[in-house]
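Residue numbers (this note's numbering), protein chains in the order written: chain H, 7 to 264; chain E, 7 to 264.
Certain hints may be false.
Because identical chains share one entry, a pair is satisfied inside a single copy or across any pair of copies.
With a straight-line Cα cutoff of 30 Å, these simulated DSBU-like cross-link-like pairs (lysine-lysine) come out [what the hints assert, rightly or not]:
| id | residue 1 | residue 2 |
| --- | --- | --- |
| 1 | Lys-49 | Lys-120 |
| 2 | Lys-49 | Lys-159 |
| 3 | Lys-222 | Lys-197 |
| 4 | Lys-159 | Lys-39 |
| 5 | Lys-90 | Lys-159 |
| 6 | Lys-98 | Lys-159 |
| 7 | Lys-90 | Lys-120 |
| 8 | Lys-258 | Lys-49 |
| 9 | Lys-133 | Lys-90 |
| 10 | Lys-39 | Lys-98 |
| 11 | Lys-239 | Lys-39 |
| 12 | Lys-98 | Lys-120 |
| 13 | Lys-212 | Lys-98 |
| 14 | Lys-192 | Lys-39 |
| 15 | Lys-133 | Lys-39 |
| 16 | Lys-144 | Lys-197 |
| 17 | Lys-197 | Lys-239 |
| 18 | Lys-192 | Lys-90 |
| 19 | Lys-90 | Lys-144 |
FYI, nobody ran anything at the bench for these hints, they're computed from the structure.
Protein chains: 2
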Amino acid sequence: MRPELTVIKIGGNVLENPQFYAEFLDGLSSISKPFIIVHGGGKIATEISQNLGIQTQMIAGRRVTSSEDLKVVIMTYAGLINKKLVADLQSKNCSAIGLSGADANLITSTIRSKTPIDFGLVGDVEKVNGEFLQLLLKNGMTPIICSLTHDGKGQLLNTNADTIASEISIEMGQFYTVNLHYCFEKNGVLKDAEIENSLISHVTSKVYHRLIEQNKIHSGMIPKLENSFHALKNGVSTITIRSYSNLNGLNKYTTISL
Amino acid sequence: MRPELTVIKIGGNVLENPQFYAEFLDGLSSISKPFIIVHGGGKIATEISQNLGIQTQMIAGRRVTSSEDLKVVIMTYAGLINKKLVADLQSKNCSAIGLSGADANLITSTIRSKTPIDFGLVGDVEKVNGEFLQLLLKNGMTPIICSLTHDGKGQLLNTNADTIASEISIEMGQFYTVNLHYCFEKNGVLKDAEIENSLISHVTSKVYHRLIEQNKIHSGMIPKLENSFHALKNGVSTITIRSYSNLNGLNKYTTISL
Chain H
7 MRPELTVIKI
17 GGNVLENPQF
27 YAEFLDGLSS
37 ISKPFIIVHG
47 GGKIATEISQ
57 NLGIQTQMIA
67 GRRVTSSEDL
77 KVVIMTYAGL
87 INKKLVADLQ
97 SKNCSAIGLS
107 GADANLITST
117 IRSKTPIDFG
127 LVGDVEKVNG
137 EFLQLLLKNG
147 MTPIICSLTH
157 DGKGQLLNTN
167 ADTIASEISI
177 EMGQFYTVNL
187 HYCFEKNGVL
197 KDAEIENSLI
207 SHVTSKVYHR
217 LIEQNKIHSG
227 MIPKLENSFH
237 ALKNGVSTIT
247 IRSYSNLNGL
257 NKYTTISL
Chain E
7 MRPELTVIKI
17 GGNVLENPQF
27 YAEFLDGLSS
37 ISKPFIIVHG
47 GGKIATEISQ
57 NLGIQTQMIA
67 GRRVTSSEDL
77 KVVIMTYAGL
87 INKKLVADLQ
97 SKNCSAIGLS
107 GADANLITST
117 IRSKTPIDFG
127 LVGDVEKVNG
137 EFLQLLLKNG
147 MTPIICSLTH
157 DGKGQLLNTN
167 ADTIASEISI
177 EMGQFYTVNL
187 HYCFEKNGVL
197 KDAEIENSLI
207 SHVTSKVYHR
217 LIEQNKIHSG
227 MIPKLENSFH
237 ALKNGVSTIT
247 IRSYSNLNGL
257 NKYTTISL
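Make a model of the complete structure from these sequences and hints.
Right under this line is the structure:
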């Protein structure tokens, strides 16, 4: 029997809200080790870009990462957010270690094709260095991974944090029984994004396609679910979408299955 | 016989100059592994602070680290500079891993006393986690360490990079024969800072005190030399002060002894 591993993706809206952030950190004590955290932080990066006078270009609701944007993303994700999380976890006796995809060649990627839409310096995950993560986990460490990858030729690339969480979960599925939790400020997948008690407790790919047809799922939820189905097909044991304040699973949340 | 380890402190003026930086990276191929790099990046942080409209307060020529300054320092050192170095080294087949003092509890510190001068969020090194560095080195990794430490209670602290380099060298002296190189844009310790060929090839503590009396050593060189003598007294084998472009030691440089 393989040991258990929990992979937690934490949403940017939680990281930027001091109260949510404190509750999330407290909740981590209810998670049994080993675990891995994956984070982005787009909203905080956008705020810093604005303070630096950098214009953020959006196409179809998605950020285009220029070289100036990438600098801010590196500073925010790998610097500000990652090191704060690490220092805070260290204060709670959790030996956190912060990583980007370049560190120890953790995640290599290829720059996304410029057609049909040029999103700039964005990477699609190629390979995760699972042996390195295993080395850290076996030595009692908790990897805190920000959503940056590299192309192996010296270029860092902005990469979707939900995808990183699922690709890491798939890679670690070779060594562990992996439970992946997408944590954010909602209770899970909702029938109506405005009504918290419209929670759907169980989403299958059939339910997902029906929700898409009915135009009930939007923006951020689509990559979470697409990544979930991909991960389930590739050896990840369980996936949930839940509130940052519900890591112990005492309240309702959404489970995903094929 | 203990194996050899090279610790390289690289100065901020080299990191901010694209040509110097490229030459420094190329020169690293002449260093036999294992090695560790330590860096700060004060000038780049000051530039970003200015772009963000943050006023940097200086007392006696030294920066006071406010909480706003610290954010910029974290973004710049642990984010921008560290991850660029890591990605560039990865592209040269060096398995670099970027770290702050909070990661894996690498360097704990205590906040500096507010008397006689309150320098703000500045830390004095307490303990280096040498076992963790040894784990990385034994697994073929090259630690790239930025000049941030933490107090173990969730607070990151700005810390002198020269001191971090010497404290890491001292700690690693338990396991390795450590050669510490302070690398910067000058050829070494100069009799006259404006004249490159006024190099002093060998500085002892006696020579150092004479230079101080003659008012020939200033600002940045004093902590380098103080840290050097401290490191030599605590088991570090050799220390040099040299140009970033002279890692192979083909040109002249300054060696330090007690």
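Structure-based check of all given hints:
For the homomeric pair Lys-49 and Lys-120, the shortest alpha-carbon distance inside one copy (24 Å) is at most 30 Å, but the shortest distance between copies (35 Å) is not. Within a single copy, Lys-49 and Lys-159 get their C-alpha atoms as close as 28 Å, and across copies as close as 27 Å, so both meet the 30 Å cut-off. For a Cα distance limit of 30 Å, the shortest separation of Lys-222 from Lys-197 inside one copy, 6 Å, qualifies, whereas the shortest one across copies, 74 Å, does not. In the homo-oligomer, the alpha carbons of Lys-159 and Lys-39 lie at most 30 Å apart only across protomers (21 Å), although the nearest pairing inside one protomer, at 34 Å, exceeds that limit.
Taking the closest pair of Cα atoms, Lys-90 and Lys-159 come within 30 Å of each other both inside a single copy (29 Å) and across two copies (11 Å). Taking identical chains as interchangeable, the C-alpha atoms of Lys-98 and Lys-159 lie at most 30 Å apart only when they sit on different chains, with a minimum of 8 Å there against 37 Å within one chain. Only between protomers do Lys-90 and Lys-120 lie at most 30 Å apart by alpha-carbon distance; the minimum there is 23 Å, versus 34 Å within a single protomer. Taking identical chains as interchangeable, the C-alpha atoms of Lys-258 and Lys-49 lie at most 30 Å apart only when both belong to the same chain, with a minimum of 27 Å there against 50 Å between chains.
Proximity of Lys-133 to Lys-90 under the C-alpha cut-off of 30 Å is found in both arrangements, the shortest distances being 27 Å within a copy and 20 Å between copies. For the identical chains of this complex, Lys-39 and Lys-98 are intra-copy neighbours only, at 13 Å inside a copy versus 35 Å across copies, given an alpha-carbon limit of 30 Å. When the C-alpha separation of Lys-239 and Lys-39 is checked against a cutoff of 30 Å, the pair qualifies only within one copy, where the shortest distance is 25 Å, while the shortest distance between copies is 41 Å. Taking the shortest Cα distances, Lys-98 and Lys-120 sit within 30 Å of each other only across copies (26 Å), while inside one copy they are farther apart (44 Å).
Taking CA atoms no more than 30 Å apart as the test, Lys-212 paired with Lys-98 passes in neither setting, with 42 Å inside one copy and 47 Å between copies. Only within a single protomer do Lys-192 and Lys-39 lie at most 30 Å apart by alpha-carbon distance; the minimum there is 25 Å, versus 49 Å between protomers. Both within a single protomer and between protomers do Lys-133 and Lys-39 lie at most 30 Å apart by alpha-carbon distance, with minima of 24 Å and 26 Å respectively. Taking the closest pair of Cα atoms, Lys-144 and Lys-197 never come within 30 Å of each other, the shortest separation being 41 Å inside a single copy and 52 Å across copies.
Within a single copy, Lys-197 and Lys-239 get their C-alpha atoms as close as 25 Å, which meets the 30 Å cut-off; across copies the closest is 68 Å, which misses it. When the C-alpha separation of Lys-192 and Lys-90 is checked against a cutoff of 30 Å, the pair qualifies only within one copy, where the shortest distance is 23 Å, while the shortest distance between copies is 35 Å. Taking CA atoms no more than 30 Å apart as the test, Lys-90 paired with Lys-144 passes in both settings, with 24 Å inside one copy and 28 Å between copies.
Hint compliance for this structure: hints 13, 16 are not met, and every other hint is.
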